[in-house]
Amino acid sequence: MATLAPPAPTTTTVPREARAYPVGHEPIHNYLREPRPPDDVRGLARAWAWFKGWALSVDHKRIGIMYLVAVSFFFAVGGILAILVRTELFFVGETIMGADTYNRVFTMHGLIMVFLFIIPSIPATMGNFLLPIMVGAKDVAFPRLNLLSLYIYIAGASIALLSITTGGVDTGWTFYTPYSKETGTAVIAMALGAFVMGFSSILTGMNFIVTIHKMRAPGMTWNRMPLFLWSLYATSIVQILATPVIGITLVLLTMERLLGIGIFDPALGGDPVLFQHFFWFYSHPAVYIMILPAFGVISELMGTFSRQRVYGYRAVALSSVAIALLGFLVWGHHMFTSGQSPVSSVVFSLITFLIGIPSGIKVFNWVWTMYKGSVWLKTPMLYALMFLFLFTIGGVTGIMVGALAVDIHLHDTYFVVAHFHYVMMGGTVMAFLGGLHFWWPKMTGRLYHEGMGKLSALLVFIGFNMTFFIQFIMGSQGMPRRYYDYPDMPWLEPLHQASTIGSYVLGVGLLVVLVNGLWSVRKGKLAPGNPWGGATLDWTHTTTPPDHHNFHHTPLVTHGPYDYEVLFGTSGDSQQGAPVPVVEVGGPQEMDVTVGDGTRQPDSATDM
Amino acid sequence: MMQTDDTPVLEERTSFFIEDGSLWLPPQSSTTAHEIDGLFYFILYTSTLLTILVTAAMVYFVWKYRRKSHADRPVDVHESKWLELSWVVVPTLLVLVVFFWGFRAYVSTSIPPTDAITINVEGYKWAWNFEYQNGVQYPNEVYVPVGTPIRLEMTSQDVLHSFYVPEFRIKHDVIPNRYSYVWFEAPEEGTYQVLCTEYCGTSHSNMGAKIHVVSRNEYYERRLGPPDQALSLVEWGEQTYTRYSCNSCHSIDGADGVGPSWANVWGAPRPGSPQGEVNEEYVTASILYPQEYMVPGYENGNMPSYDGQLNEAQLAGVSAYIRELSGAATEADRTVLVLSDGQPAEGEAAAGEAAAGEAATPEGEAMTETDE
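Protein chains in written order, with the numbering used here: chain A, 1 to 608; chain B, 1001 to 1372.
Honestly, I wouldn't trust all of these hints.
Stated by the list, open to error - Here are some of the chain A residues that sit facing chain B, going by a computed Cβ distance under 8 Å:
1. Arg42
2. Thr95
3. Ala99
4. Tyr311
5. Thr413
Unchecked claim - Lysine-lysine pairs mimicking BS3-like chemistry, simulated, CA-CA at most 27 Å apart:
6. B/Lys1081 with B/Lys1068
7. A/Lys454 with B/Lys1210
8. B/Lys1068 with A/Lys372
9. A/Lys372 with B/Lys1081
Since the hints were made in silico from the structure, they are not lab data. Note that beta-carbon positions come from the ideal geometry of N, C-alpha and C, so glycine has one too.
Make a model of the complete structure from these sequences and hints.
See below:
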């Protein structure tokens, strides 16, 4: 939190012309600085007051930033575990740890990355921060519930991490029975942690749906909603409908362990395949909880950095919803070799292919967005282009493992590991990083270092492909996943080594991102109001960083999210900033008053 | 029984690049592999083409429409119904082709021919046991005739496992309390690697087995049980220790493992167990009914039951081997006996009858001596 120190008072260090805020929209009441402890509170009392100002804040922006710190921390932890996993596989036989330790490490990598990082990654950070601003509202519909979901997330994460103290979980993130029933007791803590975190996910989803339905600003019709909101809307539907199922499943698993109710354990007459059905009924839709927000971020990036309307807006928007709904009907493709009925496998395979089509439509639309546009290769755009390339590979390999006969060979091998890393890391994490660079000025008021940004993109791209493309080949050659060692296939050693070296490059790339972020909040250039020339409300109608209340008046939306022509005459130069056009606001302009520093502010600024 | 040492062992794969392999797939060694590979390559080439098209369009657009000045104005692009329709219809047709192809290949590769030979397979932590219809069992390896469809009827003793032979392109989960099957027909003799692909705990990655595809004659011999071997009880125990994967949990050098080490345990007190200490009865009971008593500190319940898998010579051999490791082996333990281990303890197969009888006597002696 300390790293997100507020920038120096911007109005005094930067000439107003260069900042180019609309009249009455200078960042006076920057959310990072206000509310803050009164000046006469000093020392520890000040630190405590400052802490309370954040921890008890119901401001969606502060909650978003707190989520960002938390998920970044867990991403780092999960990443270190991944490096350990890859290092262990460098040589045949034991390299740095024993089999039992390895099993715990890869399990924690999966659990942390899925439940603690990637599910809350984009919705809870950028979603919380931007959704109310993008719809033109002061906050989400239920701000206190929003804070509660942060607390629940932290409580759930703590319970989950408690499992380490009771021996660690070694089941893999899938908790397959009956193994999860027999192994150490830490499974209970982990299952309960995931159960608790589910409520955080449900509450956030509910909050977003209500906000989008009820709090859109005048003129913000469904067809003028930024695609990021469409994708968050679709994500929220999945979060609300699917998460209860994993909750019930994990409770049943806990009851099976504690009471021996005999639902999943074959020794008690239970059915382990039933567990898999329950588990994937949530966990496949969860894949869309992870990727749909990324689609939204990419739409924003492609539009803004091509300065072109996102091609096929309606198709991109509705395909998110189509994916969300169809996503509930494909869970069985995780179970082609599990012993479900062959007829089910056939039906699941067919629906799986159908869900590939809306994803394909999106990729084609994004690429075509650049057509006759004005493509600006800044770091966020580099990440967006990386997303397109990597997600395409992730998608076509999804067709490969969705094909019934081929999946028999590829199931539970490194091919699947590579496939979902291309989708989850090449997709969601690239979008997360791209979005983070894109909205970094909005969140912190500072610009990241462009050179470091591009270097990180390059390293991540090289490292990622080196790590995971090789795993496609290893997988189709027969390397099973979750292997501590490969004594039966020593000839794979050179490939494992290349993959491991790739993971180090990837790690260095992500370290550069971290350094860039930490450096920029202290030393970065002050960001202009609209550095990229975006046309959504977050860029055109709020200050950078936004004021505590987002808008001084409820904005009146008169154009679509990608109508860049309304910014005509703007430069979109990140150093100078796009002069934001005079905004039309709902309230009467004559109510502006002169505030202490001589600038004119809308009246709402005085009565905060 | 004649000694069959001429097992045609296929050279172990030592390098990633081999003569009949490809970059992507291991050699095709079953009659159904080509159906899966055909679809694999169709998707691979189509997707490569698609990825290249998307990437090329991307790179071209990035270069062609790069921003030359901050005041760049894009041209207003109107959406083309036909363009959008084309990238809905073409991928839809493609995936439908892939679906039907995958479906057909799935059906034709998963239904075993009616004349297939059935072999039972049991997976447990962390080994595989193969059993012919005549009751003869092989741990971690099986001999099957070349050019004959084989159906493996599989179940698990403890947790989920998955039976995977990359070169045959077969895989199916092995589930406790339930039977699942895979089938294959290998057109060429050789040795093929079985892997477990469903995570099952500590030694998941060491749960390999071998399928030996051999001539029909050799198969008939192997089906009668392993050849006679002139071994002492200690040697029987040592062989059992590795063949039945005891070594994946129990060390012989005192190192800690999933189960207690065998080093220096002979005579160690086992308070609470019916036998009270590690002796012949204790070892036998631990192998056959492992859940009845567990050593404190090892109550993980991971030990599978070997009831019906080991014959008396092997059971006595394990005890003798443990005695040897504790320096308590007797002269009788080291005396070479002629025994056959292919014979199940009950002695069903006629061919093994004599060997079993042979085994009974010296074994009895060994027992008596230990009791003293």
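Do the hints match the structure? See the list:
1. Arg42: Result: violated, 46 Å to nearest chain B Cβ.
2. Thr95: violated (13 Å)
3. Ala99: holds (5 Å)
4. Tyr311: At 7 Å from the nearest chain B Cβ, A/Tyr311 passes the 8 Å test, so the hint holds.
5. Thr413: Where the cut-off is 8 Å and the nearest Cβ of chain B is about 7 Å from A/Thr413, the hint holds.
6. B/Lys1081 with B/Lys1068: Given that 27 Å is the threshold and the Cα spacing comes to 30 Å, the pair is violated.
7. A/Lys454 with B/Lys1210: violated (50 Å)
8. B/Lys1068 with A/Lys372: holds (13 Å)
9. A/Lys372 with B/Lys1081: holds (17 Å)
In summary, the structure is inconsistent with hints 1, 2, 6 and 7 from the numbered list given earlier, while agreeing with the others.
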